[in-house]
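S.K.: Residue-level listing of the chains:
There are 2 protein chains.
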Amino acid sequence: MYPVITISREFGSGGHSIGEKVAAKLQIPFYDGEIVTRVATESGYAKELIEDQGEYSSSANKWFDISAASAMYFQSPQDEIFIAQKKVILEYAAQGPCVIVGRCADYILRKADVKCLNVFIHSDMKHRRERVLARYGEIKDVGIEKRLAKKDKQRHTYYKYYTDQTWGNFRNYDMSLDSGTLGEDGCVHLICTTYEMMK
Amino acid sequence: MYPVITISREFGSGGHSIGEKVAAKLQIPFYDGEIVTRVATESGYAKELIEDQGEYSSSANKWFDISAASAMYFQSPQDEIFIAQKKVILEYAAQGPCVIVGRCADYILRKADVKCLNVFIHSDMKHRRERVLARYGEIKDVGIEKRLAKKDKQRHTYYKYYTDQTWGNFRNYDMSLDSGTLGEDGCVHLICTTYEMMK
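Chains D and H, in that order, give the protein sequences. Be aware that the first sequence starts at 396, since it is given in our numbering, and climbs by one per residue. Be aware that the second sequence starts at 396, since it is given in our numbering, and climbs by one per residue.
Treat the hints as calculated values from the structure; they're not laboratory data. Some hints could be false.
Below 16 Å or equal to it, Euclidean Cα-Cα: the simulated EDC-like pairs (lysine to aspartate or glutamate) are [unchecked claim]:
#1 H:K594 with D:D580
#2 H:K481 with H:E429
#3 D:K594 with H:D580
#4 D:K420 with D:E525
#5 H:K482 with H:D519
#6 D:K510 with D:D547
Isolated chain D, as found in the complex (with noise of 0.2 Å):
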């Protein structure tokens, strides 16, 4: 049996377009915007809001700012949106092999034992850089670095908070791949060959 390949990424390392080209490459479907747009449709919530909440802790901290008895008690919009977002991922899975990007996905089949293929994509900050200015252009009022960087952030917290787990850390993942150093195709090819190997 094929796994789902859930692909987890830094921001600017190629992740997105690399699960887009495994997915075309394995005749497999690919769900990134889609769950957006599943999620927007199922939860009422805003997509614009859904793609800002969906993955990313709105401040770094904001979470221990709220105390464990309100914790209780309290659920957000983001709690809201990770809620429906795990069911879509459940229901993709559930229909076979396919792709997804981001969304905590690894943690959320690991949990209900899918058998899943984990990948991490990381890329040192130079190509990670040219990425970014290639797709959005020169971020002027903060600097394409310190926007990486407060992404990395709020990617990680959130991650943390969803799944107590850190993000990036080796354990997650089946392969972790550098981008920068092995290219796109390269990672491509790499994640198909582990997908083969794995069935």
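Keeping the supplied structure of chain D fixed, place chain H upon it in accordance with the hints.
M.R.: Chain H only, in chain D's frame:
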């Protein structure tokens, strides 16, 4: 130009055996125990001491007990062994593609600007326990899991002391592979595939 392959690994993850198979498949030299022999000849230290002190801090927090001032003037046997190992590793790497296991080779060669494929091999406790049990038999005094945790901590501290980097952190490696889920032969295949990609 083909890269030098460095393999860092958790104790019991099969990293040594994977490195050996990779070297045999690619028909390039494999350096692990041989480094110990060379360092013993050149430094005059006993092989047993080099094996023990060449990758592990003697105690997890020994180094933090040495004040910064005394550390500047104090060269321990471990420091001398590190320096001798570094020299041997640089010599081997200068001779062409090879596989080098452990001993901060990834860091040493990065600093020397040698083209490398840096691999980290890890595995879950269940697979590591099985592997250690098959190789060394039951460890009765402390139990296998405690022994594994201690070895990890000692390698972590050793790496931190000599490189100021975090052992196992994805930033230090081109690829990190789980030998428990991918299998030893799977890891061998992926490393050889990447080696061919990087030439």
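S.K.: Does each hint hold? Answer for all of them.
M.R.: How the hints compare with the structure:
1. H:K594 with D:D580: Holds - the C-alpha atoms of D580 (chain D) and K594 (chain H) are around 15 Å apart, at most 16 Å.
2. H:K481 with H:E429: Holds: K481 (chain H) and E429 (chain H) sit about 13 Å apart, inside 16 Å.
3. D:K594 with H:D580: With a Cα-Cα distance of about 15 Å, the restraint between K594 (chain D) and D580 (chain H) holds, given a limit of 16 Å.
4. D:K420 with D:E525: Violated. K420 (chain D) to E525 (chain D) sits at ~25 Å, over the 16 Å cutoff.
5. H:K482 with H:D519: Distance ~33 Å between K482 (chain H) and D519 (chain H) Cα, so the pair is violated.
6. D:K510 with D:D547: Given that 16 Å is the threshold and the Cα spacing comes to 27 Å, the pair is violated.
Checked against the numbered hints given earlier, this structure breaks hints 4, 5, 6; the rest are met.
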